[in-house]
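Peer 1: Next come the chains, spelled out residue by residue.
Protein chains: 2
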Amino acid sequence: MGNFDKLLAKVKECDRKKVAVAVAEDSEVLQAVRAAKEQDIADAILVGDEAKIKEIAASLDIDVTQFEIINEPDMIEASLKAVKLVHDGEADMYMKGGIDTKNFLKSVLNKEVGLRTGNALSHVCLFDIKGIDHLLFLADVAFMTYPTLEEKVQIIENTIPVVKACGIECPKVAPLAAVEVVNPKMPATVEAAELTKMCEEGKIKDCIVDGPLSLDLAIDPEAAKHKGALDRKIQGDADILLFPDIHAGNLVYKALVHTAEVKNGCILTGTKAPVILTSRSDTFETKVNSIALAAVVAETMNK
Amino acid sequence: MGNFDKLLAKVKECDRKKVAVAVAEDSEVLQAVRAAKEQDIADAILVGDEAKIKEIAASLDIDVTQFEIINEPDMIEASLKAVKLVHDGEADMYMKGGIDTKNFLKSVLNKEVGLRTGNALSHVCLFDIKGIDHLLFLADVAFMTYPTLEEKVQIIENTIPVVKACGIECPKVAPLAAVEVVNPKMPATVEAAELTKMCEEGKIKDCIVDGPLSLDLAIDPEAAKHKGALDRKIQGDADILLFPDIHAGNLVYKALVHTAEVKNGCILTGTKAPVILTSRSDTFETKVNSIALAAVVAETMNK
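Respectively, the protein sequence lines represent chains U and C. 896 is the number of the first residue of the first sequence in the numbering used here; add one for each residue after it. 896 is the number of the first residue of the second sequence in the numbering used here; add one for each residue after it.
Next up, chain U with everything else stripped away, as it sits in the complex (with noise of 0.2 Å):
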């Protein structure tokens, strides 16, 4: 469970990020971007209504002059001023506020002022589970509904930099599914292996895909071995947690956040900067975890 402590532990080592702030009269928002001021994670930029940004703040005691503010009553247009102080490189990430997700993508994927790729955009949530000895990184749970063959090898690609800016430098990718061999009447076993072999080609790079696995060997060393998986190329220690689609995915991020101890934190990739989308029901601890893991990217992405 230290891990995700030692990430916070590297941001600080990072050069000091900002991360702009669309629609920031919303307070959960304000709250955490407080948090993050005051944990010397990163700095933020406040673009939204000025006067219900200040109301906002004074109801939580929190001190509205330690940031900038830019003035912008309209949410469309606030949205656009502050994805462009990014596209910019005036801010380092950036974060939905008090904007509805559809408007707040809208932003995201503007030709002119957002932070397009040519990539499709994707999530990625990084965990720290008592009980497992390493950081994971699960895709996608929240963002691809049912990614075909080419949007899984997307996936890994977005998510790829997301590991490596933590630390990890060949990444173990585990494409999983229900069981760990190929089953023809199981398309995500098929996909899965397909995945493997691309990543034996060189078609995917820069890590190490095999697939399909179960969670248990994806992520349990002893169920490993167990069953005596010592042939895999994952054995228990898997990275990145590949999806087989996104109800599998955000059901298993549900039950973790749920039923485990964990810290976690996610981002959307894909994007020139890291994006942060946090949920309503996302915890005020996974808001400010999840800056953390944007400013640790964005040192990576600014190189």
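FYI, nobody ran anything at the bench for these hints, they're computed from the structure. Be aware that one or more of the hints could be misleading.
Covered stretches of chain U (in silico footprint by chain C; criterion: 3 or more residues with CB under 8 Å from a CB of chain C, positions within the stretch not fixed) [claimed, not checked]:
1) 942-956
2) 1144-1151
Here are the simulated lysine to aspartate or glutamate pairs, EDC-like style, with alpha carbons at most 16 Å apart [said to hold, decoys possible]:
3) Lys-1122/C / Glu-923/U
4) Lys-1122/C / Asp-1177/U
5) Lys-1120/U / Asp-1177/C
6) Lys-1080/U / Glu-1156/C
7) Lys-932/C / Asp-958/C
8) Lys-1167/U / Glu-1052/U
9) Lys-1100/C / Asp-1140/C
10) Lys-1167/U / Glu-1194/U
11) Lys-901/C / Asp-935/C
12) Lys-932/U / Glu-908/U
13) Lys-1120/C / Asp-983/U
14) Lys-1128/U / Glu-1117/U
15) Lys-947/C / Glu-963/C
16) Lys-1128/U / Asp-1101/U
17) Lys-1080/C / Asp-1140/U
18) Lys-1098/C / Glu-1045/C
19) Lys-1001/U / Glu-1052/U
20) Lys-1167/C / Glu-1194/C
21) Lys-913/U / Asp-983/U
22) Lys-1025/C / Glu-923/C
23) Lys-913/C / Glu-985/C
24) Lys-1098/C / Glu-1046/C
25) Lys-1067/U / Glu-1095/U
26) Lys-1122/U / Asp-1177/C
27) Lys-1025/U / Glu-1156/C
28) Lys-1025/C / Glu-1156/U
29) Lys-1122/U / Glu-923/C
From the three backbone atoms N, C-alpha and C, an ideal C-beta is built for every residue, glycine too.
With chain U's structure known, arrange chain C on it following the hints.
Peer 2: Coordinates of chain C only, in the frame set by chain U:
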């Protein structure tokens, strides 16, 4: 976490049950039936190669004279003889020993001596999870791969008697998905809504169905409050978690087993008597718990 213990206490109020083991020459199964005997959960009839059974038992210090043994060295024959004991009412539940799953299931489905009811078989796994105040029944995490709407109805109908046997009169069924609203682009959410409607129309009886539900709304009352889901029939108090497919179910199952503090036991249902099909990777405790669950369910099936 005391709920599984309550279930074990319940077993002792039942008439003493007997489990027929197919191909009992298996060290893990022999240890499980010894523990079941010692803990007053159930007696066993061991069908298989008597010489091998005695040899393994001796090596494990198991007093084999406490069990009835039926000598049948041929595996297929042994499974048919064992399942016939259950079919004829001489035993109450049927357990897989050292026989492969395929042939074991053939014996379950045998037209003359097996346990078929006309229903499709499905798997149910009972969990007692630290932090969740009631028992959860997960279906199907191991058997049906991609259930159709009709098969999902069958899974619900197979699972209800198991939940009732554990003392819950009108179970709440949560057809799970990544989101709690219907999205036409996500078939799992559409089917979840259809199941809900079928229950409202009386086509699925003896339960309350409310879907689609995300996992947090299904198991966490606080999340339900936080998300303002106060108009839902299920608000963190689901009994049955119905998974969209085997990948989602199995990955959540393994996430719980490997990261949360849990007690669990599983059986196959849709049969005339409970069938215990534990897997290699199940712990010893899970195997014993599965016998206990089967005994509780057998008690109500006998009535």
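Peer 1: I'd like to know which numbered hints this structure contradicts. Please list them from smallest to largest.
Peer 2: 1, 6, 9, 13, 19, 22
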